[in-house]
Amino acid sequence: MARLRARSRRGPAQSHNPMPEAAISEALARRKRRDGWFALAGLLIMLAAVLTLVLLLAQLLVDGLPRLSLEFFVEFPSRFPQRAGIYSAWIGTLLVMLVTAFVAVPLGVAAGLYLEEYARRNWLTDLIEINVSNLAGVPSIIYGLLALGLFVNRFSLGQSIAAAGLTLALLIIPVVIVATREAIRAVPRNMREAAYAMGTTQWQMVAHHVLPYSTGSILTGIIIGLSRAIGETAPVITIGALTFIAFLPEAPIGGEFPYINFNWLDAPFTLLPIQIFNWLSRPQTEFHANAAAAALVLIALTLCMNATAIYLRYRYRRRVQW
Amino acid sequence: MDTRSLSQHISHEYNQELEAVRSQLLSMGGLVEQQINQALQALVEGDSQLAETVVQTDDRVNQMEITIDEECSRILARRQPAASDLRLVIAIIKASTDLERMGDEAQKIGHLAVSLAGQDRPSGGYREIDQLGQAVQAMVRSALDAFARLEVDTALRIIREDKLINREYEAIARQCIDYMMEDPHRVRRVLDSMWAARSLERIGDHAKNLCEYVIYLVHGKDVRHGNLDAAERELLQQ
Amino acid sequence: MAAISHIDPKEALAVKARVEQLSFYYGDAQALNRVSLDLAERRITALIGASGCGKSTFLRCFNRLHDLYPESRYEGQILLKPDDINIISKAVDPLEVRLRIGMVFQKPNPFPKTIFENVAYGLKVRGVRDRHFIEERVEGALRQASLWAETRDRLQDSAMTLSGGQQQRLCIARALAPQPELLLLDEPTSALDPIATANIEELLSELKEQVTILIVTHNMQQAARVSDFTAFMHLGELVEFGDTDTVFTTPRQKKTEDYITGRYG
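Protein chains in written order, with this note's numbering: chain A, 175 to 496; chain B, 11 to 248; chain C, 837 to 1101.
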């Protein structure tokens, strides 16, 4: 309003003012009210969503918290709900995630780097690009079917940790590729030109600049991918994960030479989500409490991973600012 | 460069500033021209009242010089003129100095006119000085025209004319020496008229300077203290 | 209209680079049309002209930055003295060109690394490993860029902690450390305040003792202040080239006159 007046003070423009002051403030008030309504509606919808989540979590806490104890983590599954634990499930989850990360990260990052930095733009890369984005949206059960045919049967990996790890890797590779490409794309053009003007080769460009500057975002993408994989049930069930495992695979690090072995890759396994699924399908309600407790562990794990992602992003953002 | 180009700046205000300072200079020129006319008239007709007016006009001329210089330094500071604009501003600063000097010379003639009016007049009046004065007046008028219209040809012609003025002044000076030797009683009067002729000649020199600024303004060529013929040939080639 | 493209021979200046009939195309669009001019050794040549006149395009030809983007095409030649190598020829590796010619950009763009790493980067790219030599060059370049006094105690700090003007001087030091033969500056002060700008300009006039400089600037007064030669470009063509004093007091071409006096041509 002050600006309006300042302008009209300058000259004869005053008489051209199409609206009297009262009408202007009336219109303004009307528009502000409309703004207010929208903000209120948004707030209500958001509250509804958050409230649902909070209620779910509260239900889980009420059901599961009493069952959470140290023994719960180191007991194998059992016919007796009070003695059953998630030992084999969380170890299995850990090992499968290890395989997934080892496979998905190098493949995904390398593919993203290649597509973004090296590949020429043509119909082939366009096709690959469309495929990658679509793959990220394919239902996970499809991956399970593919893995069943490919890893379990064709490559005769059987229902092993390796097969599950590879399956989940397949699932998150598109996520890692997309995240890597986004991260690389965020390296500003003027930084690239600065580096090229210094006479860098393409590889120096990637090694000295692109990767260091985008590490934070790439790591974030990887963790988001892994936290998706950790909760997946369908594909792992499809390839035939067992639901009742009362033993651990051979430890990867042993006391004798050569200290490291890979026998565990071949071992059958179970995972947290599968354990939960299994307990839920039991008729006894005590098992349902176990399921709630295991779900809490799973949620805690996912939250931890997401928190790490957020922390990494924050730290690298502070280090690298354009 | 021509006079229209003054008004083609993107900044409208800049156009107006340059135009304003240019017309101030031209009106200062008009005032000086009038001052010279009146001084000459006062001298030739022995009109001491008119001579007093001439002397007083000089204050206004001086004031105008100061105003123009201030305006020019303001333009230099705020607009940082380049190329033809820069040359215009510099030419105006220099021309205003020359016009002010012309005013001073006219004032001197005014003082001399007062002094001469109190003495007896020579038999032939001041015919030679009148003739010299007319020629100088014409030269000043043409110089100001050349400045206003940016006419290089006129400017070159006037620069050459200055030599004639100088020659005429020499003739008057010789004549004055003869008079003084003939009749020592008239030395005072003859000296006064010789000083007046001297002032007119100086006015001619300043008019010539104005013309040199016109050439600088239009072509960026400095023709002072140089071989005019060579400069002219070069200008004709362009 | 033949713009005079060669340096006045009576000045007896060595030529560092000779541009002959340089045309440049982005795909089908022609951005430069047969530009010819000489860059005098150890002098500052300024390129002025309205946005889109091709002055930055021209500058970027000198270190083949256009090669980073597809569908760019050069014609003509840029001969770099003394060996008369045509730096825009396909046979010449752009990497080699960039190792010989340094560039500073419009927006200060130090790498998000330490001050030391930034300045040493040109040497790292060249595979220099001698730590002692690198330290010496870093100090030398920072001194050349008048940044040594401000940074000697904080070489391990991130370059991002410097002010805008310091960052731009750091970029100049980064370009200078490998001792380039020619330094390109693309509107180096357009993102800086007047004091930082004055510092950079002062720096340039000191640097020209050691290196040939080609600078693109939007700021005509800057060109008038710092350069020895000025080239005025319009719509991809070189309109006028000459010593800066002449261009700014008595330009030969009307287009130049109109541009530097702020007239609509």
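Hint data in this document are derived by calculation from the structure and do not stem from the laboratory. Think of the CB as a built atom: it goes at the ideal place given N, C-alpha and C, for glycine as much as any other residue. Possibly wrong hints are sitting among the right ones.
Non-contacting residues of chain C with respect to chain B, defined by C-beta distances greater than 12 Å in every case (computed) [to be verified]: (1) Gly963; (2) Met1056; (3) Ala1060; (4) Val1083; (5) Pro1087.
Residues from chain C that face chain B, not an exhaustive set, calculated with beta carbons under 7 Å [what the hints assert, rightly or not]: (6) His902; (7) Pro906; (8) Asp989; (9) Gln992; (10) Ser994; (11) Met996; (12) Phe1084; (13) Gln1089; (14) Arg1099; (15) Tyr1100.
DSS-like, lysine-lysine: derived pairs with alpha carbons at most 27 Å apart [what the hints assert, rightly or not]: (16) Lys1090/C with Lys231/B; (17) Lys118/B with Lys173/B; (18) Lys231/B with Lys118/B; (19) Lys104/B with Lys1090/C; (20) Lys1091/C with Lys231/B.
> Minimum Cβ distance from Asp989/C to chain B below 7 Å?
Replying inline: 40 Å, violated
>> Tell me if the interface restraint on His902/C is satisfied: Cβ within less than 7 Å of some Cβ in chain B.
In response: Check failed: Cβ of His902/C comes no nearer than 32 Å to chain B, outside 7 Å.
>> Let's test the interface hint: is any C-beta of chain B closer than 7 Å to that of Ser994/C?
In response: 39 Å, violated
> Going by Cβ atoms only, is Phe1084/C closer than 7 Å to chain B?
Replying inline: 5 Å, holds
> Given the proposed pairing of Lys1090/C with Lys231/B, does the C-alpha separation stay at or below 27 Å?
Replying inline: 17 Å, holds
>> Checking one constraint from the list: CA of Lys1091/C to CA of Lys231/B, max 27 Å. Satisfied?
In response: 20 Å, holds
> Against chain B, with CB atoms and a cut of 7 Å, does the hint on Pro906/C hold up?
Replying inline: 38 Å, violated
> Would the least Cβ to Cβ distance between Met1056/C and chain B come out above 12 Å?
Replying inline: 7 Å, violated
>> Checking one constraint from the list: CA of Lys231/B to CA of Lys118/B, max 27 Å. Satisfied?
In response: At roughly 33 Å apart (the allowed maximum being 27 Å), Lys118/B and Lys231/B break the hint.
>> So Pro1087/C supposedly isn't at the interface. Is its beta-carbon more than 12 Å from every beta-carbon in chain B?
In response: 5 Å, violated
> Given Tyr1100/C was flagged as interface, is its beta-carbon under 7 Å from a beta-carbon of chain B?
Replying inline: 6 Å, holds
> Is it the case that Ala1060/C keeps its Cβ farther than 12 Å from each residue Cβ in chain B?
Replying inline: Its Cβ does come within 12 Å of chain B, the nearest being 7 Å, so this is violated.
Hints 2, 3, 4, 5, 6, 7, 8, 9, 10, 11, 13, 18 from the earlier list are contradicted by this structure; the remaining hints agree with it.
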